[in-house]
Structures are given as structure tokens and as C-alpha cells.
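J.: Sequence:
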Amino acid sequence: MDPNQKLESNPYSPGNILLVDKPLGWTSFQVVNKLRWVIKQQYKLKNIKVGHAGTLDPLATGLLIICTGKETKNIDSYQAQHKEYTGTITLGGTTPSYDLETEIDATFPTDHLTESLLQETTAQFTGDILQKPPIYSAIKKDGKRLYELARAGQTTEIKERAVHVSEFELTNIQLPNVDFRIACSKGTYIRSMAHDYGAALENGAHLSALRRTKIGDYHVDNALSMDAMIDKIQRGD
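Heads up: the sequence shown is residues 104 to 340, going by my numbering.
Don't take each hint at face value.
Stated by the list, open to error - DSS-like mimics (lysine-lysine), calculated; alpha carbons at most 27 angstroms apart, straight line:
no.: 1; residue 1: K289; residue 2: K147
no.: 2; residue 1: K176; residue 2: K143
no.: 3; residue 1: K149; residue 2: K173
no.: 4; residue 1: K335; residue 2: K235
no.: 5; residue 1: K262; residue 2: K137
no.: 6; residue 1: K289; residue 2: K235
no.: 7; residue 1: K137; residue 2: K173
Calculated directly from the structure, the hints in this document are not laboratory data. Only a predicted model underlies this, so the values are computations on that prediction, with no experimental measurement involved.
Hey, can you work out the whole structure from these sequences and the hints?
T.: Here's what the structure looks like:
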């Protein structure tokens, strides 16, 4: 194929969105980096703008909206949309990161927890609520990421944030694990919800699995795996 013809048919520089089902263990930045490299190789570009519309933790999977070219100007509008998650909260133990990135630092008995208590307590976490982001997060304070401070053993005061949770549904209870579905606003930390939910039960909890299923009207069912997305780009689609 003539390189000039290939460049003219490039659908990514003018602006495009890619729906990716982020694999476990990948950072959102790694997904962006990989797809940018593949697009540059395929279309012989020196550079192209590529960004994601909302971070997913490495231990989370699911929908990641990737914007290319001029569409990167609309990243904020995608980030502002409501999101939906499914996952698992494990009761009976807390971790400093509120998930499985760090080891359990305290344990609690779960024998007294009943299904009715678990269901009733979800009501405390719907509507407009205040939550503190985890210390192991990418939020910046004084020019440094909070997770950098945490890994250095430093403590810092984290301000509460107002978020909106429209739905918090328990979909399966097999103690110590509780499966859930949450629909919420931008800025909601599901790890913090898991931690705070455990505290509200006078117990301890951490997030043991997380999958983002929706961002606005975009659904993970319409997303491609990384391998499938790379194949699509390399086919010139």
C-alpha cells in the first residue's frame, strides 16, 4: 500500500474513540502507550495524541474509553459521565490500599453478619455521600501522588469529597465475599466504598475484584480486548 494513501485513510488523527476492555494487571497508561505505538506504526506517524477518559486501577478490568487525535479534547466530557461497576467486597479484613495491592493489616470475625444487615447497610452509601480517596491513589497533594507518599511510609491528611451513588446493589452473598453492582458519579472510589462499608458494619472490608461495565451510554459488552483492538488497528479498520 502506498504510504500516502495509508496516511489519508488514517481514522485516528482526525479524532476517534476506542472502547477497550482493560485486562487485569495493566495500568490505564500502559493501554494508552501500547495503542499509541500501534497506531504510529500502522500509519507511519511521528506522533499522535492518545489519552484515556478515566483511570482504572491495575487490579480492575473493564471499560476504558480511549480518545485519539482531536477527540482527546472531549476527554473531560466522557470522564464526567456516570459509571457502573461490578465486583466483590471481601469482609473480615482491611488493607492499607483498600484492595489487594497491599497485604491484610487487620482481621475481624464475620459470623455475626446477617444478609439483612448487609442489605440494610447499603442504604448508607446511596445518594449524596462524602468519602475520602484511598491513600494509595493517583491524586496529587503538594505536587506528589498520594500513592508515592504511601509507599514511602508517609501519612497525610486527605480531604473528604462529595460524590453521588445512584445504586448500590448486593448481587450475591457468600461470606466473607459479597458481590455488588454500583452506579455512581465521577470521582467515586469503589475501594473507599468497600472500606467504608466494612466500617459501617463494625467490621473490616477490602475490594477484592472490580470491573467497570458502563461509562454513560457506553457498555463494556461493546468493547474489544487489547488483542482484538490491536488486530483491528493493524488491519487498517
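J.: Compare the structure with each hint and give your call.
T.: Hint-by-hint comparison with the structure:
{"no.": "1", "hint": "K289 x K147", "in the structure": "violated (36 angstroms)"}
{"no.": "2", "hint": "K176 x K143", "in the structure": "holds (19 angstroms)"}
{"no.": "3", "hint": "K149 x K173", "in the structure": "holds (16 angstroms)"}
{"no.": "4", "hint": "K335 x K235", "in the structure": "violated (40 angstroms)"}
{"no.": "5", "hint": "K262 x K137", "in the structure": "violated (34 angstroms)"}
{"no.": "6", "hint": "K289 x K235", "in the structure": "holds (14 angstroms)"}
{"no.": "7", "hint": "K137 x K173", "in the structure": "holds (19 angstroms)"}
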